[in-house]
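Q: Take a look at the letters that make up each chain.
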Amino acid sequence: KNQVEQSPQSLIILEGKNCTLQCNYTVSPFSNLRWYKQDTGRGPVSLTIMTFSENTKSNGRYTATLDADTKQSSLHITASQLSDSASYICVVTLDILTGGGNKLTFGTGTQLKVEL
Amino acid sequence: NAGVTQTPKFQVLKTGQSMTLQCAQDMNHNSMYWYRQDPGMGLRLIYYSASEGTTDKGEVPNGYNVSRLNKREFSLRLESAAPSQTSVYFCASRGDRINSPLHFGNGTRLTVT
Numbered sequence: 003k004n005q006v007e008q009s010p011q012s013l014i015i016l017e018g019k020n021c022t023l024q025c026n027y028t029v030s031p032f033s034n035l036r037w038y039k040q041d042t043g044r045g046p047v048s049l050t051i052m053t054f055s056e057n058t059k060s061n062g063r064y065t066a067t068l069d070a071d072t073k074q075s076s077l078h079i080t081a082s083q084l085s086d087s088a089s090y091i092c093v094v095t096l097d098i099l100t101g102g103g104n105k106l107t108f109g110t111g112t113q114l115k116v117e118l
Numbered sequence: 043n044a045g046v047t048q049t050p051k052f053q054v055l056k057t058g059q060s061m062t063l064q065c066a067q068d069m070n071h072n073s074m075y076w077y078r079q080d081p082g083m084g085l086r087l088i089y090y091s092a093s094e095g096t097t098d099k100g101e102v103p104n105g106y107n108v109s110r111l112n113k114r115e116f117s118l119r120l121e122s123a124a125p126s127q128t129s130v131y132f133c134a135s136r137g138d139r140i141n142s143p144l145h146f147g148n149g150t151r152l153t154v155t
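Sequence order for the protein chains is C and S.
Each residue of the first sequence is one higher than the last, beginning at 3 in my numbering.
Each residue of the second sequence is one higher than the last, beginning at 43 in my numbering.
Hints listed in this document are in silico derivations from the structure and should not be mistaken for laboratory results.
A hint or two may mislead.
Chain C is faced by these chain S residues, among others (derived, beta-carbon under 10 Å) [as the list claims (entries may be wrong)]: (1) 51; (2) 79; (3) 84; (4) 132.
Incomplete in silico selection of chain C near chain S, CB under 10 Å [claimed, not checked]: (5) 8; (6) 9; (7) 46; (8) 109.
Every residue, glycine too, gets a C-beta built ideally from N, C-alpha and C.
Kindly produce the complete structure, drawing on both the sequences and the hints.
A: Shown next, in the form of structure tokens:
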């Protein structure tokens with residue numbers, strides 16, 4: 003069964019500190035993995051996408067990594083800010099060309115709270 | 043540029059009542075989606091529309107119907123609401139380029155009593 007598991011479920015850190023969120027998946031055949039940020043009361047917004055051939059990608063203070071061999075991804079947040087408080091959702095896409103039909107599998111998210 | 047707009051933001055229904063959730067996008071996207079989000083679960087696909095005039099069932103379609111009114115609008119209808127349909131509903135759209143992201147609305151929080 004195609005699954006996406008995220009850890010930790012929730013996390014509290016002090017402003018200015020770094021943190022790393024994990025995403026493990028069993029989705030196959032794999033096309034890409036995307037991280038979304040969801041603020042409270044809002045819809046998810048894409049942060050970054052990782053394709054099969056990419057190992058790391060940065061978007062400002064966010065850095066995503068992908069190990070396609072172990073089927074793991076991480077999202078590292080540097081110098082956290084209060085505005086980083088949100089749910090971070092990992093989404094894996096099945097490969098279209100091998101008949102996956104572009105199906106998306108969503109993780110349950112990591113709830114991050116940044117405190118003063 | 044509003045992106046994806048959903049109405050209403052909040053709704054309370056009694057069991058058995060019906061309602062329609064509205065969604066419109068202004069990005070000229072062909073693909074549109076309806077998801078529900080429940081605590082402790084990932085977003086689950088209810089229905090999607092790959093283009094104007096077509097709709098297909100997703101993972102959890104029972105109890106719902108959809109209408110792709112035109113390229114901009116995609117509505118979700120609950121004919122006879124049940125408490126199990128208490129959830130937050132998100133509409134999304136996506137461009138045609140490969141690896142395009144989903145663009146979500148801000149959701150409708152529905153409570154069925």
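Q: Where does the structure disagree with the numbered hints, that is, which hint numbers, in rising order?
A: 6
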